[in-house]
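Chains as they are written, first to last, in the numbering used here: chain P, 286 to 625; chain C, 286 to 625; chain R, 286 to 625.
Honestly, the hints are just simulated from the structure, not real lab data. All the given hints hold, so there is nothing to weed out.
Derived DEER-like restraints, expressed as beta-carbon distance ranges:
hint	chain 1	residue 1	chain 2	residue 2	range
1	C	V371	P	D422	51 to 57 Å
2	P	R569	C	K467	58 to 64 Å
3	C	G323	R	K305	23 to 29 Å
4	C	K467	P	G590	50 to 56 Å
5	R	P375	P	E299	37 to 43 Å
6	C	G314	P	E497	47 to 53 Å
7	C	N504	R	E565	47 to 53 Å
8	P	G590	C	V371	55 to 61 Å
9	C	A512	R	K467	50 to 56 Å
10	C	A552	P	G495	49 to 55 Å
11	R	D548	P	A552	39 to 45 Å
Once the Cα atoms are required to be at most 27 Å apart in a straight line, the calculated DSS-like pairs of lysine-lysine come out as:
hint	chain 1	residue 1	chain 2	residue 2
12	C	K315	P	K621
13	R	K621	R	K315
14	P	K467	P	K407
15	C	K621	R	K315
16	R	K621	P	K315
Owing to the predicted nature of the structure, the values given are computational and were not obtained by experimental measurement. All residues carry an ideal CB built from backbone N, CA and C; glycine is no exception.
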Amino acid sequence: MNHLIGWHHLDHAEWNQALKSSLRLGQQGKAWDRRAEGKSLCLMFFNPSLRTRASMEVASAQLGARATTISPGAGTWQMAFDDGAVMDGPEAEHIQEAVGVLSKYFDAIGVRVFASLSDYHKDSREYLINRFAAAADVPVINLESAFCHPCQELADASTIMEALDGDPRGRKFVLTWCYHPKALPMAVANSAVSMAARLGMDVVVARPEGYELDETVMNRARQYAEAAGGSLTESTNQDEALAGAHVVYAKSWAGRAVYDDPDAEAASRAQLHDWRVTEERMSRTDNGVFMHCLPVRRNVVVDDGVLDGPHAIHLRQAEYRLYAQKAILESVWNLKSAPG
Amino acid sequence: MNHLIGWHHLDHAEWNQALKSSLRLGQQGKAWDRRAEGKSLCLMFFNPSLRTRASMEVASAQLGARATTISPGAGTWQMAFDDGAVMDGPEAEHIQEAVGVLSKYFDAIGVRVFASLSDYHKDSREYLINRFAAAADVPVINLESAFCHPCQELADASTIMEALDGDPRGRKFVLTWCYHPKALPMAVANSAVSMAARLGMDVVVARPEGYELDETVMNRARQYAEAAGGSLTESTNQDEALAGAHVVYAKSWAGRAVYDDPDAEAASRAQLHDWRVTEERMSRTDNGVFMHCLPVRRNVVVDDGVLDGPHAIHLRQAEYRLYAQKAILESVWNLKSAPG
Amino acid sequence: MNHLIGWHHLDHAEWNQALKSSLRLGQQGKAWDRRAEGKSLCLMFFNPSLRTRASMEVASAQLGARATTISPGAGTWQMAFDDGAVMDGPEAEHIQEAVGVLSKYFDAIGVRVFASLSDYHKDSREYLINRFAAAADVPVINLESAFCHPCQELADASTIMEALDGDPRGRKFVLTWCYHPKALPMAVANSAVSMAARLGMDVVVARPEGYELDETVMNRARQYAEAAGGSLTESTNQDEALAGAHVVYAKSWAGRAVYDDPDAEAASRAQLHDWRVTEERMSRTDNGVFMHCLPVRRNVVVDDGVLDGPHAIHLRQAEYRLYAQKAILESVWNLKSAPG
Numbered sequence: 286m287n288h289l290i291g292w293h294h295l296d297h298a299e300w301n302q303a304l305k306s307s308l309r310l311g312q313q314g315k316a317w318d319r320r321a322e323g324k325s326l327c328l329m330f331f332n333p334s335l336r337t338r339a340s341m342e343v344a345s346a347q348l349g350a351r352a353t354t355i356s357p358g359a360g361t362w363q364m365a366f367d368d369g370a371v372m373d374g375p376e377a378e379h380i381q382e383a384v385g386v387l388s389k390y391f392d393a394i395g396v397r398v399f400a401s402l403s404d405y406h407k408d409s410r411e412y413l414i415n416r417f418a419a420a421a422d423v424p425v426i427n428l429e430s431a432f433c434h435p436c437q438e439l440a441d442a443s444t445i446m447e448a449l450d451g452d453p454r455g456r457k458f459v460l461t462w463c464y465h466p467k468a469l470p471m472a473v474a475n476s477a478v479s480m481a482a483r484l485g486m487d488v489v490v491a492r493p494e495g496y497e498l499d500e501t502v503m504n505r506a507r508q509y510a511e512a513a514g515g516s517l518t519e520s521t522n523q524d525e526a527l528a529g530a531h532v533v534y535a536k537s538w539a540g541r542a543v544y545d546d547p548d549a550e551a552a553s554r555a556q557l558h559d560w561r562v563t564e565e566r567m568s569r570t571d572n573g574v575f576m577h578c579l580p581v582r583r584n585v586v587v588d589d590g591v592l593d594g595p596h597a598i599h600l601r602q603a604e605y606r607l608y609a610q611k612a613i614l615e616s617v618w619n620l621k622s623a624p625g
Numbered sequence: 286m287n288h289l290i291g292w293h294h295l296d297h298a299e300w301n302q303a304l305k306s307s308l309r310l311g312q313q314g315k316a317w318d319r320r321a322e323g324k325s326l327c328l329m330f331f332n333p334s335l336r337t338r339a340s341m342e343v344a345s346a347q348l349g350a351r352a353t354t355i356s357p358g359a360g361t362w363q364m365a366f367d368d369g370a371v372m373d374g375p376e377a378e379h380i381q382e383a384v385g386v387l388s389k390y391f392d393a394i395g396v397r398v399f400a401s402l403s404d405y406h407k408d409s410r411e412y413l414i415n416r417f418a419a420a421a422d423v424p425v426i427n428l429e430s431a432f433c434h435p436c437q438e439l440a441d442a443s444t445i446m447e448a449l450d451g452d453p454r455g456r457k458f459v460l461t462w463c464y465h466p467k468a469l470p471m472a473v474a475n476s477a478v479s480m481a482a483r484l485g486m487d488v489v490v491a492r493p494e495g496y497e498l499d500e501t502v503m504n505r506a507r508q509y510a511e512a513a514g515g516s517l518t519e520s521t522n523q524d525e526a527l528a529g530a531h532v533v534y535a536k537s538w539a540g541r542a543v544y545d546d547p548d549a550e551a552a553s554r555a556q557l558h559d560w561r562v563t564e565e566r567m568s569r570t571d572n573g574v575f576m577h578c579l580p581v582r583r584n585v586v587v588d589d590g591v592l593d594g595p596h597a598i599h600l601r602q603a604e605y606r607l608y609a610q611k612a613i614l615e616s617v618w619n620l621k622s623a624p625g
Numbered sequence: 286m287n288h289l290i291g292w293h294h295l296d297h298a299e300w301n302q303a304l305k306s307s308l309r310l311g312q313q314g315k316a317w318d319r320r321a322e323g324k325s326l327c328l329m330f331f332n333p334s335l336r337t338r339a340s341m342e343v344a345s346a347q348l349g350a351r352a353t354t355i356s357p358g359a360g361t362w363q364m365a366f367d368d369g370a371v372m373d374g375p376e377a378e379h380i381q382e383a384v385g386v387l388s389k390y391f392d393a394i395g396v397r398v399f400a401s402l403s404d405y406h407k408d409s410r411e412y413l414i415n416r417f418a419a420a421a422d423v424p425v426i427n428l429e430s431a432f433c434h435p436c437q438e439l440a441d442a443s444t445i446m447e448a449l450d451g452d453p454r455g456r457k458f459v460l461t462w463c464y465h466p467k468a469l470p471m472a473v474a475n476s477a478v479s480m481a482a483r484l485g486m487d488v489v490v491a492r493p494e495g496y497e498l499d500e501t502v503m504n505r506a507r508q509y510a511e512a513a514g515g516s517l518t519e520s521t522n523q524d525e526a527l528a529g530a531h532v533v534y535a536k537s538w539a540g541r542a543v544y545d546d547p548d549a550e551a552a553s554r555a556q557l558h559d560w561r562v563t564e565e566r567m568s569r570t571d572n573g574v575f576m577h578c579l580p581v582r583r584n585v586v587v588d589d590g591v592l593d594g595p596h597a598i599h600l601r602q603a604e605y606r607l608y609a610q611k612a613i614l615e616s617v618w619n620l621k622s623a624p625g
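The whole structure should be built from the sequences, with the hints applied where relevant.
And the structure:
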């Protein structure tokens, strides 16, 4: 089955092909063709979405396909995921049936299902989305799962390729943790590290003690980096890490402690308000561009001066979501390449 | 007005024509044509939906029509239904206006409005959906009302026709009540009995004391059965009823007492956990197939072993929802028949 | 930027052109063409909607464009509007980013964002929708803001033109305040006065003491009326005002006091149940037609006898929403005129 759960499940060649397509579509802008006419796409959001939903709906439309968006629990039944579940609680439907049925109506199913932030083992092995995919007879597209966000990942890589004139190898990419009032999942951080490593960049993960990313994810990224002539290191000093950066990628994520002791994680995080991207910090970079996956909390994660300044490329990054989605649908449905 | 409130309001010939269409469309699978181009469909859900909404949206798309889905109370005003209502409560809009307006924008309106489970008289005479239909200038399609679910009914009949090689006459159909943690409406049960009776099957309604279906519904079904050479009987012994069954249709519904004394109904229901479809019980049938309208509560209504076993056809049944919806739109809009 | 925030920001010629288009489209009814093929429209509702959403979705479809409907807070992030906002509260996204991104995906953005009813200064200068528009790179269409509702305004003018045989000049238009159990915004009232004044009617605003409309709005309408050969006056006597009316437009709105002392406003309003359109009152008019923007509370704002009587044109008015939306999309996207 031609699922897109994470790019690490696919050949590097498929990633490269998708990246090439995304960049070509990015050159074309709002382009309509009928390459996916007669296809229908189900988008299932267990969590909120603006960009992912809007860009997927427009991507479908531009390709001539039809998208239906469903939010379980809001106008649809709550769903159970576990094998052997005794369903006497609030969940009225099991994904075995829900996904089984949707497979009959649609030609692909996109699903967003965030990390639990309570069971590290389940989150890190992508329990929920894997259960979902196993129940499907049509391709499943990950619209952000517990541990990765492949749509974002492809858009981010495209944006960097464009911003660095097609050759990011050896340039410095800093993923910097930032303070956020809520504990957030690691999915985007994992994907960002992975993507920058594949591009052969010198990747630095700047984060406080206790905010290490998952070891398996880091090891995999290190291998990508080495294969592509780049590197992967870590730092607990945001100021030092940003020195000479060509790309600054800001993101908050919950520390590992959130899984076992959420109060401790919150207390630790509350001391870290200073982890924030300011104009002063950006001035330490090598004319670095600023990226964020959005939504972003202004003046908490990053200052207005950065977001509204000349080095911010977060809106182009968000725009690339549309082109990346089209490249992903192209890949999942084996569409012929876009003209031009 | 060409409404589809319940099949019993239409000629038997219209039912037969729709069934024939549904079966033909089922053979074609995901087929797109433009027979309803330039038409638009409003889907209004006063209650949750997954299959009905998704299949109607896809059915519309495949026919070239456009569907808009509205959930009153979620992003839309709450609505009043009564004549002479003094609207000083939470309802900001009367269906007289809402439906009147939607009739001007759309070529048909689908509506789901479940049983109140508090006023038997209103539920059994289909008060809400009839009010709705009376206010409409375009065809209204019942997407499940208090007392019937014609979309499900057509899909179910199609599925049985296919499973029994086109000739269900004289085969044994058992609608078996099952325990469920919540009091549920009778609509699907009513439609299932009616549909199986029309197919000329030997229909048995297995249910505990106090869970009788409505007398008018039963009498009508008995007439259908007799006209088609079948029969309709009742049983309060699930094991006996299932013996030799060719089709097992599991469904829970609230007992009659729920309307007057919900606590008593809940107390009674709480003693009935054993009314459940198990592998052992399925082994008493004559290689019977298992059906359920979904959503289904695994290991409460029916065991995993049945749902995941070789005789379960509930997913094909759900798939037929799509083909049945297309047949219904064909009928309501007087479309020319599908090619092939 | 070709925004439609309020008609008063545009030339009178643009209003006239849109009115002409709306009337022509109204003659055609459910007409489909492909004039906007390849365009996509985002509809963002910060408040509930039935007519506006449904008519915009159908208008888009009939023109060959694709609409995506988003309700911030329901499946999408809550949003911040202020410059310099320190986003450590419930709002996860700033409109600067949200609108910036949507501008990349869509060819226009419709937005509904009601009055705060707590900050008169912000409401009267249209703070929220202006912030929204300032962040957009594509046309923004006002789907009802704090102080005007241009889509309703165009539909209302079209309906009056049709009802008064194309010549409303010198006919009496009474906007009459009505009791309503909730404090409501002034947007529709403002637009109604403005529209009737532009049509050259003799406009009377009938309302209790304390329910004056905004002075700037009234002054602007007075200028429109004078330029078109009509007039604008006020009355605190509903019965007298209705005498000889050709058009009665019922609407409730909060008194000015709601902004400073909501309890006082509610107490004052509670004494005004008698401000209501009855059959007896309609009999004082000169065969006047009855209009309301909907949703309307039956037997609170207006009696059943009026709504169900021969002079009610509120459903035709609601129908005109569809034709007006098409005229607005035509204007915003500079489409060529509809054939015929």
